[in-house]
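Q: Note that the working numbering has the sequence shown beginning at 1, numbered continuously upward.
It is possible that some hints are incorrect.
Dumping the calculated DSS-like pairs for lysine-lysine here, alpha-carbon to alpha-carbon at most 25 Å [unchecked claim]:
hint	residue 1	residue 2
1	51	78
2	139	113
3	183	113
4	237	255
5	183	118
6	310	436
7	123	58
8	345	272
9	233	279
10	207	237
11	409	334
12	61	139
13	78	117
14	58	78
15	279	237
16	221	209
17	447	436
18	390	409
19	139	78
20	118	97
21	295	318
22	295	272
23	59	103
24	139	177
Since the hints were made in silico from the structure, they are not lab data.
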Amino acid sequence: MPLKEVEPIKVPVGEKPSKINEMNDVFAQISNFGDGRLSKMEVDYSADTDKAIVEADKKQKEGSTREAIELLQQLEKKSRLDCDTKSNERIVRHMVKLAFDAKQWDLLNETVKALSKKRALIKMNMTYMIRDCIEMIEKLPNESTKERFIETLRAVTAGKIYVEVERARLTKRVVNKLEAEGKLDEACEMIMEMQVETYGSMEITEKVKFLLHQMRLSIQKEQYTRATIISRKISDKFFDREGDEIELMKLEFYKYMIQIGLNDESYLDVCKHFLSIFKTPKSAEDPHTHLELLKCIVFYLLLSPHDCEKWDLLQRIKGMRELEKLPQHKELLKLFIRQELIFWKETIEGEYSEILFGEKATDEKMAVDGVACLMPNLEVFPMSKPEGIKRKERLHDCVGEHNVRMISKYYTRISFQQMAKLLEFNIEQMETFVCKLIVEGVIPDAKIHRPSQIIYLSPKLSTVEILDQWGSNIHKLTSTINKVAHLIVKEEMVHGMEITQKA
Numbered sequence: 001m002p003l004k005e006v007e008p009i010k011v012p013v014g015e016k017p018s019k020i021n022e023m024n025d026v027f028a029q030i031s032n033f034g035d036g037r038l039s040k041m042e043v044d045y046s047a048d049t050d051k052a053i054v055e056a057d058k059k060q061k062e063g064s065t066r067e068a069i070e071l072l073q074q075l076e077k078k079s080r081l082d083c084d085t086k087s088n089e090r091i092v093r094h095m096v097k098l099a100f101d102a103k104q105w106d107l108l109n110e111t112v113k114a115l116s117k118k119r120a121l122i123k124m125n126m127t128y129m130i131r132d133c134i135e136m137i138e139k140l141p142n143e144s145t146k147e148r149f150i151e152t153l154r155a156v157t158a159g160k161i162y163v164e165v166e167r168a169r170l171t172k173r174v175v176n177k178l179e180a181e182g183k184l185d186e187a188c189e190m191i192m193e194m195q196v197e198t199y200g201s202m203e204i205t206e207k208v209k210f211l212l213h214q215m216r217l218s219i220q221k222e223q224y225t226r227a228t229i230i231s232r233k234i235s236d237k238f239f240d241r242e243g244d245e246i247e248l249m250k251l252e253f254y255k256y257m258i259q260i261g262l263n264d265e266s267y268l269d270v271c272k273h274f275l276s277i278f279k280t281p282k283s284a285e286d287p288h289t290h291l292e293l294l295k296c297i298v299f300y301l302l303l304s305p306h307d308c309e310k311w312d313l314l315q316r317i318k319g320m321r322e323l324e325k326l327p328q329h330k331e332l333l334k335l336f337i338r339q340e341l342i343f344w345k346e347t348i349e350g351e352y353s354e355i356l357f358g359e360k361a362t363d364e365k366m367a368v369d370g371v372a373c374l375m376p377n378l379e380v381f382p383m384s385k386p387e388g389i390k391r392k393e394r395l396h397d398c399v400g401e402h403n404v405r406m407i408s409k410y411y412t413r414i415s416f417q418q419m420a421k422l423l424e425f426n427i428e429q430m431e432t433f434v435c436k437l438i439v440e441g442v443i444p445d446a447k448i449h450r451p452s453q454i455i456y457l458s459p460k461l462s463t464v465e466i467l468d469q470w471g472s473n474i475h476k477l478t479s480t481i482n483k484v485a486h487l488i489v490k491e492e493m494v495h496g497m498e499i500t501q502k503a
């Protein structure tokens, strides 16, 4: 039956429909169909629907469930094509309920599939039906029946925007089951298909949970690039909200970000992620864990390459009140702030070896209600593992970088032997290390002259530059002499006046 074009509804301001039927007409007119049409209800099938449902219930009690559903199918078609939204909703939901109550699971699957393939579908009613079906899943008798029904629901919701949230929840059920069975590849592939960040009807909290799940599976499969891409879909501002659930999600998010940062050896990012966890109220519930986090902040900051951001963080963290409880760590931090050389063997390995390479953060001390499982690994230098040895070598390089920057402030050129002595390297190691710093831009103007075994830490000036520099220095010198001469004359005049007055 062809649908009639209707004019927009005009309701005077301040007036309300006086009857329930009038309200139903309003809802019917704004019903959104499968192809996006807006149509007005042609016929009201409310009375026919009441009778048909009663007859269908009788047939079901007699054991003729299939006949009961077929009886409702005829009226479902009429109500759908004539745009009776309310009646169609009741019929569709009751058809599914009949099959479920009769425990005829094959018929239930067939009914859901048949209803989803009708033309001129009313989206709202299909959404209600799918939600009813999702509630039925837990009441099914066994796992095989549940799996089959979930697959049916996933099939009928595929590619339909108005049930994308329901499909995502069904998919998550399947993914959790695959994970429990150890089928990580299948689980990861399935959940990655869900682009939940584009789902406008999904709550932001549920979206973030999906994205965190995707990050976790990506990290488990060591797909760190994919995990990084997913992490960018989560805004840091989301975690500014209050609530225990948000805090736990924040801890989980930064735990994954730390794992990504450690894989990329982005130690400054790791330091900032630990700092975000440190500022979370949940982490402060256990004083021991709180201090362990602060230690990690200090260590990873020292491991990061020197730049303006690192220098700013060094100053900020040094001023934190909580650092007063860790005096040795504070002194270690100050070593990299002072404009002095740091001696590796005497200072780092001698005075700070215990706090750097000797301490271990035990899991028993970190059990705070279930927060422990969301905490990242707090061991920075596990010397029994390759990453611990690698980070110790990185710390040695950071000490060397600091020393080279200090040397370049006081030397314009230096011999190989003297540089090796100050850096506590042999000449070959020193040469390799300095070449690396030149390439990385730590001392970009430095040059190595191997025949004379001299390192030029400042760029060689041209004749014109030397002359300009000399002229500038002479100008400063003459200006200073003139100023001093002026002051001397001033003093002589003052004292001369005093002598004259006394005479």
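Q: Run every hint past the structure and note whether it holds.
A: Tested hints:
Using a Cα cut-off of 25 Å, the hinted pair residue 51 and residue 78 holds, with the two alpha carbons roughly 15 Å apart. At roughly 20 Å between alpha-carbon atoms, residue 139 and residue 113 fall within 25 Å of each other, so this suggested pair holds. Proximity of residue 183 to residue 113 is assessed by CA-CA distance (about 28 Å); at most 25 Å being required, the pair is judged violated. For the hint linking residue 237 to residue 255, the alpha-carbon distance of about 17 Å falls within 25 Å, and the restraint holds.
Between the alpha carbons of residue 183 and residue 118 the distance comes to roughly 36 Å, so the proposed pair goes past 25 Å and is violated. Straight-line distance between C-alpha atoms of residue 310 and residue 436 comes to about 20 Å, which keeps the hinted pair within the 25 Å bound. For the given pair, residue 123 sits about 29 Å from residue 58 by alpha-carbon distance, which is inconsistent with the 25 Å threshold. Between residue 345 and residue 272 the CA atoms are separated by roughly 29 Å; this puts the pair beyond 25 Å, and the hint is violated.
Among the hinted pairs, residue 233 with residue 279 is consistent with the structure: their alpha-carbon atoms are about 22 Å apart, no more than 25 Å. Note on residue 207 and residue 237: the hinted pairing holds, with a Cα-Cα distance of about 14 Å set against a maximum of 25 Å. Between the alpha carbons of residue 409 and residue 334 the distance comes to roughly 19 Å, so the proposed pair stays at or under 25 Å and holds. Of the supplied pair hints, the one linking residue 61 and residue 139 holds, its CA atoms being roughly 20 Å apart against a limit of 25 Å.
A C-alpha spacing of about 16 Å is found between residue 78 and residue 117, which places the hinted pair at or below 25 Å, so the restraint holds. Distance check on the hinted pair: residue 58 and residue 78 sit about 22 Å apart at the alpha-carbon level, within 25 Å; holds. Distance check on the hinted pair: residue 279 and residue 237 sit about 14 Å apart at the alpha-carbon level, within 25 Å; holds. Straight-line distance between C-alpha atoms of residue 221 and residue 209 comes to about 19 Å, which keeps the hinted pair within the 25 Å bound.
Between residue 447 and residue 436 the CA atoms are separated by roughly 12 Å; this keeps the pair inside 25 Å, and the hint holds. Under the criterion of a C-alpha separation no larger than 25 Å, the hint pairing residue 390 with residue 409 is inconsistent with the structure, at around 29 Å. Distance restraint check for residue 139 and residue 78: the Cα-Cα separation of roughly 32 Å exceeds the 25 Å cut-off, and the hinted pair is therefore not satisfied. A hinted pair counts as satisfied when its Cα atoms are at most 25 Å apart, and residue 118 with residue 97 qualifies at roughly 19 Å.
Distance restraint check for residue 295 and residue 318: the Cα-Cα separation of roughly 12 Å lies within the 25 Å cut-off, and the hinted pair is therefore satisfied. At roughly 13 Å between alpha-carbon atoms, residue 295 and residue 272 fall within 25 Å of each other, so this suggested pair holds. As the CA atoms of residue 59 and residue 103 are separated by approximately 15 Å, the hinted pair is consistent with the 25 Å bound. Distance check on the hinted pair: residue 139 and residue 177 sit about 17 Å apart at the alpha-carbon level, within 25 Å; holds.
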